[in-house]
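Enquirer: Chains A and B supply the protein sequences, listed in that same order.
Be aware that the first sequence starts at 1, since it is given in our numbering, and climbs by one per residue.
Be aware that the second sequence starts at 1, since it is given in our numbering, and climbs by one per residue.
Mixed in with the good hints there might be a few duds.
For chains that are exact copies, the list does not tell them apart, and a pair is met inside one copy or across any two.
[What the hints assert, rightly or not] Think about it this way: if two alpha-carbon atoms lie no more than 27 Å apart in a straight line, the pair counts; the simulated DSSO-like pairs of lysine-lysine are:
1) Lys26 to Lys247
2) Lys199 to Lys295
3) Lys247 to Lys105
4) Lys47 to Lys280
5) Lys26 to Lys47
6) Lys47 to Lys247
7) Lys295 to Lys247
Hints listed in this document are in silico derivations from the structure and should not be mistaken for laboratory results.
The lines below spell out each chain.
2 protein chains.
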Amino acid sequence: MTDTLAQALTATAAKVEAALDAFLPKGDGLEADLHAAMRYACLGGGKRMRPFLVMETARLFSVDEACALRVACAIEFVHCYSLVHDDLPAMDDDDLRRGRPTVHKAFDEATAILAGDALLTKAFEVLAHPLTHADPLVRSDLVLALALASGADGMVGGQQIDLAAEGESLDIGQITRLQRLKTGALIAFAAQSGAILGKAPAHVRHTLVAFAHDLGLAFQMADDLIDVEGSSVEVGKATGKDQARGKATFVSILGPERARAQAALLAEQAAKHLDLFDAKADNLRALARWTVARKS
Amino acid sequence: MTDTLAQALTATAAKVEAALDAFLPKGDGLEADLHAAMRYACLGGGKRMRPFLVMETARLFSVDEACALRVACAIEFVHCYSLVHDDLPAMDDDDLRRGRPTVHKAFDEATAILAGDALLTKAFEVLAHPLTHADPLVRSDLVLALALASGADGMVGGQQIDLAAEGESLDIGQITRLQRLKTGALIAFAAQSGAILGKAPAHVRHTLVAFAHDLGLAFQMADDLIDVEGSSVEVGKATGKDQARGKATFVSILGPERARAQAALLAEQAAKHLDLFDAKADNLRALARWTVARKS
Numbered sequence: 001m002t003d004t005l006a007q008a009l010t011a012t013a014a015k016v017e018a019a020l021d022a023f024l025p026k027g028d029g030l031e032a033d034l035h036a037a038m039r040y041a042c043l044g045g046g047k048r049m050r051p052f053l054v055m056e057t058a059r060l061f062s063v064d065e066a067c068a069l070r071v072a073c074a075i076e077f078v079h080c081y082s083l084v085h086d087d088l089p090a091m092d093d094d095d096l097r098r099g100r101p102t103v104h105k106a107f108d109e110a111t112a113i114l115a116g117d118a119l120l121t122k123a124f125e126v127l128a129h130p131l132t133h134a135d136p137l138v139r140s141d142l143v144l145a146l147a148l149a150s151g152a153d154g155m156v157g158g159q160q161i162d163l164a165a166e167g168e169s170l171d172i173g174q175i176t177r178l179q180r181l182k183t184g185a186l187i188a189f190a191a192q193s194g195a196i197l198g199k200a201p202a203h204v205r206h207t208l209v210a211f212a213h214d215l216g217l218a219f220q221m222a223d224d225l226i227d228v229e230g231s232s233v234e235v236g237k238a239t240g241k242d243q244a245r246g247k248a249t250f251v252s253i254l255g256p257e258r259a260r261a262q263a264a265l266l267a268e269q270a271a272k273h274l275d276l277f278d279a280k281a282d283n284l285r286a287l288a289r290w291t292v293a294r295k296s
Numbered sequence: 001m002t003d004t005l006a007q008a009l010t011a012t013a014a015k016v017e018a019a020l021d022a023f024l025p026k027g028d029g030l031e032a033d034l035h036a037a038m039r040y041a042c043l044g045g046g047k048r049m050r051p052f053l054v055m056e057t058a059r060l061f062s063v064d065e066a067c068a069l070r071v072a073c074a075i076e077f078v079h080c081y082s083l084v085h086d087d088l089p090a091m092d093d094d095d096l097r098r099g100r101p102t103v104h105k106a107f108d109e110a111t112a113i114l115a116g117d118a119l120l121t122k123a124f125e126v127l128a129h130p131l132t133h134a135d136p137l138v139r140s141d142l143v144l145a146l147a148l149a150s151g152a153d154g155m156v157g158g159q160q161i162d163l164a165a166e167g168e169s170l171d172i173g174q175i176t177r178l179q180r181l182k183t184g185a186l187i188a189f190a191a192q193s194g195a196i197l198g199k200a201p202a203h204v205r206h207t208l209v210a211f212a213h214d215l216g217l218a219f220q221m222a223d224d225l226i227d228v229e230g231s232s233v234e235v236g237k238a239t240g241k242d243q244a245r246g247k248a249t250f251v252s253i254l255g256p257e258r259a260r261a262q263a264a265l266l267a268e269q270a271a272k273h274l275d276l277f278d279a280k281a282d283n284l285r286a287l288a289r290w291t292v293a294r295k296s
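Model the full assembly from the supplied sequences, consistent with the hints where possible.
Expert: This is how it looks when you write it as structure tokens:
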């Protein structure tokens with residue numbers, strides 16, 4: 001990773017961490033565990049890649065940073081809720097996440113389900129609040145786009161396909177669709193949210209979506225490679241799980257060499273979409289290249 | 001129940017059923033089970049009391065019926081998602097709902113969790129869509145109010161308290177707060193949504209919230225009485241469960257006689273709040289009285 005990108009990621013992650021902390025409830029009543037589980041699920045880790053996409057695309061349109069930070073938090077709430085629910089015993093049954101016990105292990109299953117529900121709901125609360133943007137049309141566009149990206153035709157649909165696909169032999173088209181829904185849709189929302197906040201013209205918004213689709217696919221291929229090649233200590237969660245479950249992945253279909261080449265190509269293609277922008281987009285270009293070079 | 005109220009409830013329920021059906025996806029791909037579970041959770045039953053509150057309060061302000069119906073569906077999506085998640089083994093562990101197997105019994109736990117997630121997300125998608133209201137400020141106000149009513153400071157918080165309270169001896173103040181969050185907040189949103197759609201002045205909106213709070217509390221007391229006194233065949237779900245779990249309820253604290261008297265008082269008080277309105281509010285007045293007279 002370039003020093004500039006590393007510094008930018010660290011700086012944004014710190015701002016996001018502080019903002020998430022301020023948003024999350026901290027009650028001491030009978031619902032104290034719910035609040036604690038929401039905080040546990042969101043705070044203290046994660047690359048904050050989606051928030052970074054929001055902040056960096058918002059910067060392209062000189063959007064007020066405080067507004068962009070709210071959208072970044074909303075997306076991170078959705079991302080964190082999806083991890084909490086995906087880790088549940090009835091789903092992927094994971095005990096470890098970012099090197100720590102998963103939420104249902106640290107608390108219990110009921111609290112994990114409810115904490116996920118509350119985080120998802122919080123995302124929409126944050127977006128719809130007048131502080132997110134003075135123009136209510138922007139707020140309601142953000143809500144609509146996030147809902148479409150994260151519901152049955154987006155992230156949740158992708159997770160269902162992922163579960164249904166265990167033991168099935170998906171082809172490359174099906175795997176691509178699965179990932180486009182499961183991880184791609186939310187990444188695409190993150191990348192276009194800066195354009196929504198900045199009221200950019202439609203073609204600019206679409207360019208950022210195209211960037212995000214290539215980036216998301218490259219990111220997933222890199223993730224699949226890490227699952228096959230990384231150790232769990234290095235990665236901070238269990239590895240080799242896809243193979244153990246007979247899950248088709250980009251790597252199982254293409255083989256590691258072709259998957260690596262394809263990911264590199266997609267990362268370059270993602271960066272190419274940004275030709276529309278000047279040096280302000282350099283962090284996004286560097287992010288695309290880092291996505292496929294990372295080890296965890 | 002008066003004939004007029006019965007006819008109005010039936011007519012609204014039919015419109016809501018058709019609208020829910022039109023909103024819900026019907027795919028045949030790998031995510032077919034998700035779609036089927038969402039439909040199973042929402043269609044074919046339920047009193048549709050919350051949608052009725054939306055439609056009737058919207059009528060007070062001559063709101064376009066198609067717009068109100070969309071908000072009614074959004075609230076019903078949230079209500080249905082909450083039932084799906086509450087019924088899960090890790091939560092209330094119920095096998096029966098409205099006389100049918102619960103979603104995780106008819107499908108599986110993973111699909112039930114995801115169907116709930118997708119329904120919650122769908123609610124915000126529907127509210128934020130331009131067809132719900134031409135004014136984006138109204139749409140974003142609806143989203144914000146629904147998120148506040150259904151998240152950690154509303155319905156989800158109430159469910160967490162409910163789980164934490166098993167075996168605890170709550171006092172009447174704690175039980176009242178629990179119910180205000182768990183069921184009252186969403187009912188209050190339903191009752192004020194007509195005023196939001198109709199851009200009614202703040203004091204009118206607050207009057208409807210006051211109506212809803214009394215109605216919601218009366219409704220819950222009646223529910224507690226039905227749980228103690230009804231048979232499961234009559235009610236369509238397991239009864240006597242609160243007692244079996246040592247859960248404090250209005251009935252366990254007040255005793256059935258005082259709970260019944262208190263519920264009747266609240267129902268009258270709810271109706272009294274509607275003095276602001278003319279005969280257009282008669283269905284709402286009748287609803288308040290029926291709430292405490294019903295047997296299921």
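Enquirer: A separate judgement is required for each hint: does it hold in the structure or not?
Expert: Against the structure, the hints come out as follows:
1. Lys26 to Lys247: between (39 Å within a copy, 25 Å between copies)
2. Lys199 to Lys295: neither (36 Å within a copy, 54 Å between copies)
3. Lys247 to Lys105: Intra 24 Å, inter 25 Å, cutoff 27 Å: intra and inter.
4. Lys47 to Lys280: within (21 Å within a copy, 55 Å between copies)
5. Lys26 to Lys47: within (24 Å within a copy, 36 Å between copies)
6. Lys47 to Lys247: Close inside one copy (25 Å), not across copies (42 Å); limit 27 Å.
7. Lys295 to Lys247: Cα proximity of lysine 295 and lysine 247: one copy only (21 Å, versus 50 Å across).
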